[in-house]
Amino acid sequence: MTLALQYVANGLAAGSLYALVALGIVLLYRSSRVLNFAHGDLATLGVFLAFTGITRGWRYGLCLAAGLLGAAAVSAGFYRLLIKPARQATSLSLVITTLGFALLLSGLMVWVWGTDTKVFPFPLSETRVHRLGGVVVSELTAGSLAVGLFLVSGLSVLVQKTRLGLAMRAVAQNPEAAQLLGVPAGRVLAATWAVAGVLGAAAGMLLAPAVLLDPFMMLDPFLKGFAAAVLGGMDSLPGAVVGGLLLGVAESAFAGYVSVKYKATLSFVVIVAVLLARPEGLLGRPFHRRV
Amino acid sequence: MTAEVLSVLNVEAGYRKGLAVLRGVSLHVREGQVAALLGSNGAGKTTLLRTVMGLIPDQPEKGEVVFRGVRLNGKDPDAVTRLGVVLVPEGRGLFPELTVEENLQLAGYARRYTGREYEAVLDRFPVLRERRWQQAGTLSGGEQQMLALARALLLRPSLLLLDEPSLGLAPRVVAQIFDILKSLNREGLSILRVEQNARMALTVAHYGYVLEAGRLVLEGPAERLRDDPNVQELYLGVQREPSPKGFRRWRPKRRWA
Ligand SMILES: Nc1ncnc2c1ncn2[C@@H]1O[C@H](COP(=O)(O)OP(=O)(O)OP(=O)(O)O)[C@@H](O)[C@H]1O
Ligand SMILES: [Mg+2]
Numbered sequence: 013m014t015l016a017l018q019y020v021a022n023g024l025a026a027g028s029l030y031a032l033v034a035l036g037i038v039l040l041y042r043s044s045r046v047l048n049f050a051h052g053d054l055a056t057l058g059v060f061l062a063f064t065g066i067t068r069g070w071r072y073g074l075c076l077a078a079g080l081l082g083a084a085a086v087s088a089g090f091y092r093l094l095i096k097p098a099r100q101a102t103s104l105s106l107v108i109t110t111l112g113f114a115l116l117l118s119g120l121m122v123w124v125w126g127t128d129t130k131v132f133p134f135p136l137s138e139t140r141v142h143r144l145g146g147v148v149v150s151e152l153t154a155g156s157l158a159v160g161l162f163l164v165s166g167l168s169v170l171v172q173k174t175r176l177g178l179a180m181r182a183v184a185q186n187p188e189a190a191q192l193l194g195v196p197a198g199r200v201l202a203a204t205w206a207v208a209g210v211l212g213a214a215a216g217m218l219l220a221p222a223v224l225l226d227p228f229m230m231l232d233p234f235l236k237g238f239a240a241a242v243l244g245g246m247d248s249l250p251g252a253v254v255g256g257l258l259l260g261v262a263e264s265a266f267a268g269y270v271s272v273k274y275k276a277t278l279s280f281v282v283i284v285a286v287l288l289a290r291p292e293g294l295l296g297r298p299f300h301r302r303v
Numbered sequence: 661m662t663a664e665v666l667s668v669l670n671v672e673a674g675y676r677k678g679l680a681v682l683r684g685v686s687l688h689v690r691e692g693q694v695a696a697l698l699g700s701n702g703a704g705k706t707t708l709l710r711t712v713m714g715l716i717p718d719q720p721e722k723g724e725v726v727f728r729g730v731r732l733n734g735k736d737p738d739a740v741t742r743l744g745v746v747l748v749p750e751g752r753g754l755f756p757e758l759t760v761e762e763n764l765q766l767a768g769y770a771r772r773y774t775g776r777e778y779e780a781v782l783d784r785f786p787v788l789r790e791r792r793w794q795q796a797g798t799l800s801g802g803e804q805q806m807l808a809l810a811r812a813l814l815l816r817p818s819l820l821l822l823d824e825p826s827l828g829l830a831p832r833v834v835a836q837i838f839d840i841l842k843s844l845n846r847e848g849l850s851i852l853r854v855e856q857n858a859r860m861a862l863t864v865a866h867y868g869y870v871l872e873a874g875r876l877v878l879e880g881p882a883e884r885l886r887d888d889p890n891v892q893e894l895y896l897g898v899q900r901e902p903s904p905k906g907f908r909r910w911r912p913k914r915r916w917a
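Each protein sequence line maps, in turn, to chains L and X.
Heads up: the first sequence begins at 13 in my numbering, then just goes up one per residue.
Heads up: the second sequence begins at 661 in my numbering, then just goes up one per residue.
Just so you know, these hints were derived from the structure itself, not from any lab.
Check before you lean on any hint, since a few could be wrong.
[To be verified] Looking from chain L toward chain X, a few residues come up when the C-beta cut is under 7 Å (computed):
{"#": "1", "residue": "Leu-178"}
{"#": "2", "residue": "Ala-182"}
{"#": "3", "residue": "Leu-192"}
We treat Cβ as the ideally placed atom computed from N, Cα and C, and that holds for glycine.
Just chain L, with the same shape it has in the complex (with noise of 0.2 Å):
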């Protein structure tokens, strides 16, 4: 019983991360019907330029905010100066275009920071623990699935109470009948994007001090949010937090009862199970036809 308990906190912290990833790549899928296979290099990119500023001794929290706001601002001048102008392109020339680019970021982050794995500062530590019962939990643990809840929550608040996430939801539904309400479309979509981006760093810098930081440390995660993105409901967001919570406690009991060895294969196994028995996801809502 323990030992279950045990898997489920584990893999709840791994799926918050998960939760976070997949959250932007269904934020963007909905707004802008766009793959964004670029996601998490531009998360990569938002620890590095965090990762710089600590290792010139700059102040901790500083260099997080600006490794947040990195990668907000080049998620949304990717769209502005990339994926906006290309109006009447096809999904698949869209998601080309998200690839080359995922090429481009991390062919710039081996150039400039090499591809040897560096050691991330964190404040919380993995080997540091707390025992709640017979379940052991490291400070990494429990604070990667305390900020992850509070991101979940703050992007919650801000999709459902504000003026903005009400703009946000009108143009994802409808742009052209936002337009003619005087909603600029186009600004509230690069605003999606960016949001996008903070949570993709947010997660990669929760990520960042367990796995150690290297250009290709998003790859893995991005998957995995992608799996939890197409379990929970592309077009659903509450679906995204689901899905990433159950692919990482579903992960965690595979690895557990098992086999370690082939963890990493679950998420395709989720993948392929779901287009096959509810394309439309855990909450998404069913596809229909345009005819």
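Guided by the hints, dock chain X with the ligands onto chain L, whose structure is given.
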């Protein structure tokens, strides 16, 4: 002669290159007047309104759209809206999953409206006040049209463009909406209305245009158009020619009913 709020000058526009839907259209809306644009299905009425708003990328191909001396060509729809040209589109453009209140709030995104403006608009459409927390998609057709108009008014338009505001509504609701349009116009609002139904279009209008396959074929003061035999035959459904057997049939066609 009063000044023009909107001038559409020799506009050619379409959705694909080489396939012009509008082929040299010129029309004007005068300050404080209601202009009606008639035409059958596919004539290009909606295309004209979309071109004015800048909703079709890179259009108009040729010609100019001028609002109170400002050239609208190439402006984004949200910028055109913020200048004071407000379109209630075909299908009304509501957000069915958002509440009535949220739909109204969106009109205040670019420029916040005051509590007084909000109350004044809701006084015109009392049903909306009762339905504030209901999803817009669950409103009746008439209520949806009211919501679309209310939202448009919160944007404080100088010129209101309406694409078939009477479409799919019961006669009583249509009459109610026309009364509202009439009183808005009396308070000084200029309006350009698109209708398929000439009888409806010309009841509340000072001036009318008839669009046929992308060209204007007729224009004139509303009363004159109402009496024009061509309009009567084509758009009011009154048949003049004798039937082959020599009987005169003044039977209205059902098409426009
Ligand atoms: N998005 C579009 N893409 C391509 N062609 C279009 C598009 N919208 C309209 N058209 C074409 O443009 C022509 C004019 O259409 P438009 O919608 O302007 O007509 P309308 O006068 O508003 O008709 P209705 O009374 O049925 O609304 C039609 O031939 C139509 O097929
Ligand atoms: Mg039309």
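Tested hints:
| no. | hint | result |
| --- | --- | --- |
| 1 | Leu-178 | 6 Å, holds |
| 2 | Ala-182 | 5 Å, holds |
| 3 | Leu-192 | 5 Å, holds |
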